[in-house]
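Colleague: Chains as they are written, first to last, in this note's numbering: chain A, 31 to 412; chain B, 32 to 314.
Just so you know, the hints here were simulated from the structure itself, not pulled from any lab data.
A quick note: this is a predicted structure, and the numbers were derived from the prediction, not measured.
By construction, the Cβ of each residue, glycine as well, lies at the ideal position given by its N, Cα and C atoms.
One thing to keep in mind: the hints can contain errors.
Simulated DEER-style distance windows between Cβ atoms [unchecked claim]:
id, chain 1, residue 1, chain 2, residue 2, range
1, A, Ala394, B, Arg277, 38 to 44 angstroms
2, A, Val393, B, Asp284, 28 to 34 angstroms
3, B, Pro155, A, Val393, 49 to 55 angstroms
4, A, Asn57, B, Lys286, 24 to 30 angstroms
5, A, Ala394, B, Asp189, 42 to 48 angstroms
6, A, Val393, B, Ala228, 38 to 44 angstroms
Quick list of in silico lysine-lysine cross-link-like pairs, DSS-like style, CA-CA up to 30 angstroms [to be verified]:
id, chain 1, residue 1, chain 2, residue 2
7, A, Lys278, B, Lys176
8, A, Lys278, B, Lys184
9, A, Lys96, B, Lys292
10, A, Lys190, A, Lys287
11, A, Lys96, B, Lys196
12, B, Lys196, A, Lys386
13, A, Lys247, A, Lys96
14, B, Lys148, A, Lys333
15, A, Lys96, B, Lys240
16, B, Lys148, A, Lys278
17, B, Lys240, B, Lys286
18, B, Lys236, A, Lys278
19, B, Lys286, A, Lys96
20, B, Lys213, B, Lys196
21, B, Lys184, B, Lys213
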Amino acid sequence: MSESKFYETQWQETGKTFLDSSELVLNMGPQHPSTHGVLRVILKLDGEKVLGTDCVIGYLHRGVEKIAENRTYVQFNPYVDRMDYVAAVSNGLGYCEAVEKLLGVEAPDRANYIRVILTELNRLASHQVWLGTHALDIGALTPLFYCFRDREEILKIFEKYCGARLTTHAFRIGGCQYEIYEGFAKEVLDYCDFVLPKIDEYEELLTTNRIWVERTKGVGVLTGAECIALGATGPVLRGSGVKWDLRKAQPYAAYDKFEFDIPIGKNGDTYDRYLVRIQEMRQSVRILRQAASGIPEGPIIAKVPKVLRPPAGEVYHSIEAPKGELGYFIVSDGSTQPYRVRVRPPSFVNLQALDKMVRGWLVADVVAVIGTLDIVLGEVDR
Amino acid sequence: MPDELHPIGASSPAEKPADEKAAPATASASPAAEPPAAPTEAKPATPEVAKQPAAEKPGDAAPAAKPGVTPAAKPIPPAAGAPKPAVAAPAGGAKPAAAAGVAAKPPAAPPKPPAPKPDPWQSPLVDKLRQAYGSGLREASTYMKQNYMVVDKSIASDVLRDLCKQEQFDYCVDVTAVHYPKRDEQFDIVWILYSFALNQRIRVKTQIKEGEPAPSAVPLWPTANWLEREVYDMFGIHFTGHPDLRRILMPDDWKGHPLRKDYGLTQQDDQWVKNNLGIESGQ
Numbered sequence: 031m032s033e034s035k036f037y038e039t040q041w042q043e044t045g046k047t048f049l050d051s052s053e054l055v056l057n058m059g060p061q062h063p064s065t066h067g068v069l070r071v072i073l074k075l076d077g078e079k080v081l082g083t084d085c086v087i088g089y090l091h092r093g094v095e096k097i098a099e100n101r102t103y104v105q106f107n108p109y110v111d112r113m114d115y116v117a118a119v120s121n122g123l124g125y126c127e128a129v130e131k132l133l134g135v136e137a138p139d140r141a142n143y144i145r146v147i148l149t150e151l152n153r154l155a156s157h158q159v160w161l162g163t164h165a166l167d168i169g170a171l172t173p174l175f176y177c178f179r180d181r182e183e184i185l186k187i188f189e190k191y192c193g194a195r196l197t198t199h200a201f202r203i204g205g206c207q208y209e210i211y212e213g214f215a216k217e218v219l220d221y222c223d224f225v226l227p228k229i230d231e232y233e234e235l236l237t238t239n240r241i242w243v244e245r246t247k248g249v250g251v252l253t254g255a256e257c258i259a260l261g262a263t264g265p266v267l268r269g270s271g272v273k274w275d276l277r278k279a280q281p282y283a284a285y286d287k288f289e290f291d292i293p294i295g296k297n298g299d300t301y302d303r304y305l306v307r308i309q310e311m312r313q314s315v316r317i318l319r320q321a322a323s324g325i326p327e328g329p330i331i332a333k334v335p336k337v338l339r340p341p342a343g344e345v346y347h348s349i350e351a352p353k354g355e356l357g358y359f360i361v362s363d364g365s366t367q368p369y370r371v372r373v374r375p376p377s378f379v380n381l382q383a384l385d386k387m388v389r390g391w392l393v394a395d396v397v398a399v400i401g402t403l404d405i406v407l408g409e410v411d412r
Numbered sequence: 032m033p034d035e036l037h038p039i040g041a042s043s044p045a046e047k048p049a050d051e052k053a054a055p056a057t058a059s060a061s062p063a064a065e066p067p068a069a070p071t072e073a074k075p076a077t078p079e080v081a082k083q084p085a086a087e088k089p090g091d092a093a094p095a096a097k098p099g100v101t102p103a104a105k106p107i108p109p110a111a112g113a114p115k116p117a118v119a120a121p122a123g124g125a126k127p128a129a130a131a132g133v134a135a136k137p138p139a140a141p142p143k144p145p146a147p148k149p150d151p152w153q154s155p156l157v158d159k160l161r162q163a164y165g166s167g168l169r170e171a172s173t174y175m176k177q178n179y180m181v182v183d184k185s186i187a188s189d190v191l192r193d194l195c196k197q198e199q200f201d202y203c204v205d206v207t208a209v210h211y212p213k214r215d216e217q218f219d220i221v222w223i224l225y226s227f228a229l230n231q232r233i234r235v236k237t238q239i240k241e242g243e244p245a246p247s248a249v250p251l252w253p254t255a256n257w258l259e260r261e262v263y264d265m266f267g268i269h270f271t272g273h274p275d276l277r278r279i280l281m282p283d284d285w286k287g288h289p290l291r292k293d294y295g296l297t298q299q300d301d302q303w304v305k306n307n308l309g310i311e312s313g314q
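Sequences are here, hints too, so could you generate the full structure?
Modeller: So this is what it looks like as structure tokens:
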């Protein structure tokens, strides 16, 4: 028996490395560049092998749900932007639509189109941030610059539309506050033409890059059934081959008017989730083109009373945020302030899958898996 | 081998779509492409008043629980445009502008139509559960096209198990709670469930008293683990059968449960702050 063969069998038999090692508890974070914020993971290791993890979260806990109970419906609107600050527009859309449902109001067509355009732009931006940082974690520096360069153009459109780049507060309950500016549609269409070749460029850097493939293929595998059991949604679920997207399953805003596909993976590994997100960016461009070339005329905000007093009752409304199902469960007591607002954050729930995904893998894979889950700690902690 | 991995450029994106098309959707995946779940959802129920006595509306307990809103605010008609003083002030400068933004554009809506009431929710599922549990199923209603049921706490875990194992509600979207301090059974526990096969979302609610445990859904849906930990953290509700019930967002040794209605907005665990941060107050 050759030496290497011997060590291999020993590994298989005892599950231990060939060095005489004992269990080691290693603290990762909260100040760690690849935890994408202030996530602390306590790793139980055997050599380099992960035996188990424990996530410590809450460092960014601001009590958003408590704040909601002490603000009016309108006042709380800007706060939701601060949860997933990479995709603030999606947060706002979910909240506004939930309150509209509570009020029994529907946003006019034109507002819905504007909402779709901004949300899809934001999805692109969110995926670009994810790709840049995820690639950086794994050791590819260039995509970060490419992605942030291209995201900048989206932020410029946001800034022109509503004056803010990140925490946009773009929507109001009942529709949108601002009419689109002159040339908005053309700028969006131009951006579509601009970004498609850029997405190919990201792919050229990574898709067949040997280091990338070896760091991501087969790493952090989740089957479709495991995803469902763990409540993982968004690209994580689709990467495992489950064709489910709230934009199709339960369309909101104007998504039923557009043609687009739901890209899915088949292996449920980090590489497939990467491919799914890349494809999603292309689909977003498809939606953007349809929406921007067909913005209907009409009012941009529905008739809502000056003082919002939704009738007593409760609703749950969820949307497909870039990271998964983002839901709002709002209880109204008939007063001007919500009695309870519960946010169902996709990052929080997806992060729960981390333990399952890294058990038995190496420390370096933990970094890859945290990246592939695409978490934003502002949303995990709220 | 290395040679295969390296070809760069146009060829790679072209291959992939085919690759992904070929991927078989897993068993539960298939329904996703189906049209949205229109059938379960009726039109908003404005005119049908009070068929159901609208069991326990949140309103009952609520007004008193909100120190910020004086009762006087209620009768003011929307046109008066004077809600601001009634609402707790601390919001500060930026917010009024936002409020004005919504209000400014459209003319104020005319005085409201009668408040919508929940309709009874009729479906084979409800009939089946009613048959199995009788009056344990306290209420099954549809509000704003959304179905929910209120069940007795004694049968909550059985109902959840049936929904999970027999009725294909395989995805637990959320577990949360609502606090009604004036009520005898102070807490609503809410499970939001979704079925991929039916493309249907329902809510199951149960009511428990202070100090009473709720059944844990972790054996059914592992995703409930963190969600229940959060409910425990924020409301102090124990879940029997939870494998690892610890605080999740607040520090482990924090005293108090912030989302209870009797926990003030700026309240904090002073002793904890002093011990751990070395300051008198974080406020």
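Colleague: Among the hints numbered above, which are violated by the structure, and what are their numbers in rising order?
Modeller: Going through the list in order, the structure violates hints 1, 8, 11, 13 and 20 and respects the others.
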